[in-house]
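Okay, here's what each chain looks like letter by letter:
Number of protein chains: 2
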Amino acid sequence: MCPQAQPFLLRVVKRGHKNIGMKINFWSAISNSFPKDFCSRDAQILETYGRDWTTVFDPKPSAVVFPRQTDEVASFLKLCLSFGVAVVPSGGRTGLAGGAVAKNGEIVVSLERMNKVGSVDTMAQTVRVQAGAVTQAVHEHCMQAGLTWPVDFASKGSSQIGGNIATNAGGVRVIKYGSTRNWVLGLQIVTMAGDIFELNGSLEKNNTGVDLKQLFIGSEGTLGIITEATLKLTTALVERDVFFFALKDTPAVLRLFYEARKAPIELHAFEMFTDGCLDAVIKIMALKPPFVESAGKAYVLMEIKKDGQGVEEWLAGLFKDGLIMNGIMAQSEREARDLWALRENIAESLYRTAFLHKNDIAVPVADLDGFVSEMEDMFRKHYAKLDLYFFGHIGDGNLHINTLKPSNLNKDDFLLACHETDKDLFSLVQKFKGSVSAEHGIGLLKKDSLHYSRSAVEMEIMRKIKKVFDPQGLMNPGKIFD
Amino acid sequence: MCPQAQPFLLRVVKRGHKNIGMKINFWSAISNSFPKDFCSRDAQILETYGRDWTTVFDPKPSAVVFPRQTDEVASFLKLCLSFGVAVVPSGGRTGLAGGAVAKNGEIVVSLERMNKVGSVDTMAQTVRVQAGAVTQAVHEHCMQAGLTWPVDFASKGSSQIGGNIATNAGGVRVIKYGSTRNWVLGLQIVTMAGDIFELNGSLEKNNTGVDLKQLFIGSEGTLGIITEATLKLTTALVERDVFFFALKDTPAVLRLFYEARKAPIELHAFEMFTDGCLDAVIKIMALKPPFVESAGKAYVLMEIKKDGQGVEEWLAGLFKDGLIMNGIMAQSEREARDLWALRENIAESLYRTAFLHKNDIAVPVADLDGFVSEMEDMFRKHYAKLDLYFFGHIGDGNLHINTLKPSNLNKDDFLLACHETDKDLFSLVQKFKGSVSAEHGIGLLKKDSLHYSRSAVEMEIMRKIKKVFDPQGLMNPGKIFD
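Here the protein sequences line up with chains A and B, keeping their order. Numbering-wise (the numbering used here), the first sequence opens with residue 125 and increments by one. Numbering-wise (the numbering used here), the second sequence opens with residue 125 and increments by one.
Chain A extracted, bound-state conformation:
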């Protein structure tokens, strides 16, 4: 229960006649209208729920509320609107752009108690879930019916479906399945006005005007709160072959990808990482190296549908041509998981290796080669003092570019240098018509760089659309743009 304190953001908004003279304290209204455990202002709770995995912002929420049902979300938002109180929707808080950070006295709306997962509809291949359901729990639930929600990424054990949708999560199998957007049939949304939208229900086809649910997918909680979703499922992948290849350099990775596109295989993942990334993950996680010795400068993890027809022959040709220097294929599910561990632990390993600066960019797939070449040149020429580590989803044109602070550089100088590299890097991204945030979103962290990927007129339209749903700017304010 919230103590009777003044919220940081409490401000009077313009009210109609009916509300003139209304003096009910906001906190009293919460106490009177919601269950005892609905709202918390406990310091530890504020600290925990006020942030996401982004570490650069200090959390400072006024309170955290934990609704149990959509109606509560609606009543609460209505109350906030009437008092002019800002809110931050919050899922599993695994975001990397500060999209769920409350740093200005907002009230965090945690969806974690709304975590019900409905029964799987095997005929329609759908499942209805509440927004707070944990991604991995949904995976496990669907797997019992032989189906899967094929959005898959390293933080799935903590992330929640609502957050996945609000950030249009990508991950490691986008090349086969596409991003979250492709796997959402319907959304239930609550807007700041307390309106509950049921958008598209469980319909596969519905061409009745603008598909409003698309606006919320990837909007980072700035337009409304996702409370429920109907997810589209697909047959679970049971049989797969996982390969791990050592290659001479990054251009060779691109050549291998091009060959794979033409080969008689069904690609499910095609992930690359530099030798530095592999070294870090092996060292920090104490994992077994995939090769006894390797002169490779770049590595590829490739997952394909088990089939067998022509794969060996195709690979033999690539070995013979020297494109693949070394390669192994997982001989069991256990070995497949071990190979995947080398990929999935990179982010955490780099994080534990040194203070780092992250970027998550994308360029058109066909331009990856040119982009990487210019990027490596740029770092070599102008930022040789920084350690460059990158890995990513080649099939999506998506690279996670990390610069690690060398031990001989102090943190301030490092951050200053990163600030400079970002300008150059994003200019390069812009030159290739790329994205300054492929998967992570903009949140608080990338606001200043949005203009590299979106034109002024696009940004103006985004602001106007925000106003349509949230004219007073109380829904996750300051995210994506000010």
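Treat the hints with care, since some could be wrong.
[Claimed, not checked] To give an idea of the chain B side of the interface with chain A (calculated C-beta under 10 Å), a few residues:
{"hint": "1", "residue": "T291"}
{"hint": "2", "residue": "S326"}
{"hint": "3", "residue": "E328"}
{"hint": "4", "residue": "H517"}
{"hint": "5", "residue": "N522"}
{"hint": "6", "residue": "K555"}
{"hint": "7", "residue": "K557"}
{"hint": "8", "residue": "L574"}
{"hint": "9", "residue": "S577"}
{"hint": "10", "residue": "L598"}
{"hint": "11", "residue": "P601"}
{"hint": "12", "residue": "G602"}
{"hint": "13", "residue": "F605"}
[To be verified] Covered by chain A, according to a simulated footprint, are these stretches of chain B (three or more residues, beta-carbon under 8 Å):
{"hint": "14", "segment": "239-249"}
{"hint": "15", "segment": "411-425"}
Rather than coming from a laboratory, the hints here were simulated on the basis of the structure. Cβ coordinates follow ideal geometry from the N, Cα and C atoms, glycine included.
Based on these hints, arrange chain B on the given structure of chain A.
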């Protein structure tokens, strides 16, 4: 070249200081600023380009313009805005909801001269096309590279890519590939203000705020004109097995679909039609019946990926159980095409059988059984005088419901009866949380029924979004809503 006549819609809009006193005639401005053959007011041209395949509206455009490039579209729209002249974007005019009909003196903007198709990027599996490219031409172009744009439907020989996107076209392989939305990476859009938007380029991943291109997909030309698109491609399906089954009734179709969902097969299409539809197509198109004799009341065309493992055994079990009364499998590509012809010619055959009234609805897949049962009951009890024919895409919950005018009923009485059935039918659709327009869109034809599928608050938001892009309401006015 346009004669110097007054357009029907010419009206003065509020202008800033700079434009005060501007008296240049609109048609003169066109003559002065665009090529000679840019604009036509020829009666036959107006008649042809003023309508789509919907037959219930009389075309009455002021003129038709034929831009050759995006800049021309932009200059023209700017000119129209300054004169307050309304426009109707126009593609292959195969729409079935009047979305491309110009019936109030609007100027039709035909994209047909903007039909360039770029070279296929086999690495990224994309192709850049202008909006006026014909769907089938794009298919054939991509096929040369072993790739396909998997949006496939009967009118592909006339329809254009821009129109497919503006209506989020579905078709016969949605169960495998999804609708058009899934196969568009980037869009170039020109708004009424003459702004050119490059939305998302060729990026597979780009989480930088709201994905504005999604707004245009399915917006039926009400927000802006699509001038170019980057299409996402996939490996062309080369090996398929096509089956044709006779079944006892519609519930049996649903049971077969449910079995197919669980079977070890990859479904690419699962199309059903009633016996009346099959009889019509065989008679009108003089096609060979699939079975020498059949007591079936419902038929299914099923296409799966050729595989062979377990399919025969699975089907043998269904024959033995009596679910499938009769069935054949195409033994050659020619036979596969012949079976598909039975499905793809239904719409035209019914059209040529009698005057008809069409509906295109969807319900959640899991509710198809209940819906069909109630719908058949409804027609039996209240509309026995009407002949009911339906067919559709079972995997998408999408049925095309046709009522044909019996010969003993005059047209006016028939239309009156259809008006009544629509109310009952749409109420039933609403009860099942379905869509009054699964594929065809709303256009002019279904405006009055939009409320069965979209709530008042959704419709209000759609109006506001329209205003963001087109505050004066000049872009395809009166479509979707007034």
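Against the structure shown, which of the earlier numbered hints fail to hold, in ascending order? 6, 10, 11, 12 and 15
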